[in-house]
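Here's the letter readout for the chains.
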Amino acid sequence: MFLLPVFFIAAGVLFSASPAHAMHISEGILPAGWAALWSVAALPFLAWGVWKVKLEARENIELKPLLGVTAAAVFIISCMPVPVPTAGTCSHPCGTAISAILLGPAMSILTAAAALLIQAMFMAHGGLTTWGANIMSMGVAGSLAGYTVFKLLRRSGAGLGASAFAAGVIADWGTYAATAFELASSISGTDPVLPLFAKIAAAFVPTQLPLGILEGFMTAGMVKMLANRRPDILVRFGMIAPKEVAI
Amino acid sequence: MRFFIIMAMLSLLAAFASPVFADDGKWAGVDEAVVEKISAEHGREASEPLINTDKGDLLLFVFLLGGAAGGFAGGYYWRTLTERKPGTTG
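Chains H and G, in that order, are what the protein sequence lines are.
Residues in the first sequence are numbered from 1 upward in steps of one, following the working numbering.
Residues in the second sequence are numbered from 1 upward in steps of one, following the working numbering.
Calculated directly from the structure, the hints in this document are not laboratory data.
A few of these clues could be false.
[As the list claims (entries may be wrong)] Under the rule of at most 25 angstroms between Cα atoms (straight-line distance), these lysine-lysine pairs were calculated in the PhoX-like manner:
#1 G:55 x H:199
#2 H:151 x H:243
#3 H:54 x H:199
#4 G:26 x H:54
#5 H:151 x H:64
#6 H:243 x H:224
Note that the structure is predicted; figures quoted are calculated from it, not measured.
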């Protein structure tokens, strides 16, 4: 267990040794009207996240370190370049399934927004005008997709690891599907949106198909590790039932 | 749990070993290969970021700094979280 902090630091340094750009929509790609629309759409989700953090912080002393771990994980994972040999391109997982499972979707959206803002401001990664669109894809779509899949599978009796794995896969693919939709709807002009969406989504497939599976393993590993060390936290946040662990 | 960690690490190892066999010019990010390429086809080009750190090795330095800071914060809070006994304060 002492090796884990070392692993975090090593992963942070090693994986960020070269810049990764993937689902982040760069500055200037979206027309101003669409950029504004996605930003306005993201605002209620950010407000939901802030409200949830304030609410949980009053009742739960574990929130601060859990928020710290997940925010750091989302930040590192979402700028971690992973070369995909089958595609010959690089992309990155998103980490939002981990935060959605451990914190719930509202706070997960907030951590994604914070990571995206830092990346847009200082790392030439995404953009300030496209921040809202990137929040909607990585934060909102990724978190809600991952959280929903995790909850549905848990309710149907699936194991913790398997549910977290599926949540990681779907959160990743959901993020890239949302990016494809945002891009298609914003730049298609007078052309129909659906064919362009299909074209962009299909172009993501060779890279994101294997990376989604990697994200599934990462999510399951992180959730299982925390479940083994501090199952009471998962119970408190409603991720596992009290009867599943002897606290 | 070990299974998932080992599988994730093996996947990463395989992915990171793969650049050794890559041709020059490969391993562009999918934003370049997909997002910016298709956007350009529709008349939308990426513009310079507000604070442009994509100059020479400056971007590598910024990513290294971000990775180190994120890694430190993640490790520190993980230790805080896992060493705290359930129900205790502080």
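- Query: CA of residue 151 (chain H) to CA of residue 64 (chain H), is that 25 angstroms or under?
  - Reply: Satisfied, since the Cα-Cα distance of roughly 23 angstroms is no more than 25 angstroms.
- Hey, residue 55 (chain G) versus residue 199 (chain H), does the alpha-carbon distance stay inside 25 angstroms? Roughly 32 angstroms separates the two Cα atoms, so the pair is violated.
- Query: Regarding the pair residue 26 (chain G) and residue 54 (chain H), is the alpha-carbon distance no greater than 25 angstroms?
  - Reply: The hint is violated at about 45 angstroms.
- Query: When you check the alpha-carbon spacing of residue 54 (chain H) and residue 199 (chain H), does it fall within 25 angstroms?
  - Reply: 42 angstroms, violated
- Message: Next pair to validate is residue 243 (chain H) with residue 224 (chain H); report whether the Cα-Cα distance is within 25 angstroms.
- Response: OK: residue 243 (chain H) and residue 224 (chain H) at ~17 angstroms, within 25 angstroms.
- Item | Agreement of residue 151 (chain H) and residue 243 (chain H) with the hint, judged by alpha carbon distance not exceeding 25 angstroms | The hint holds at about 17 angstroms.
Checked against the numbered hints above, the structure breaks hints 1, 3 and 4 and satisfies the rest.
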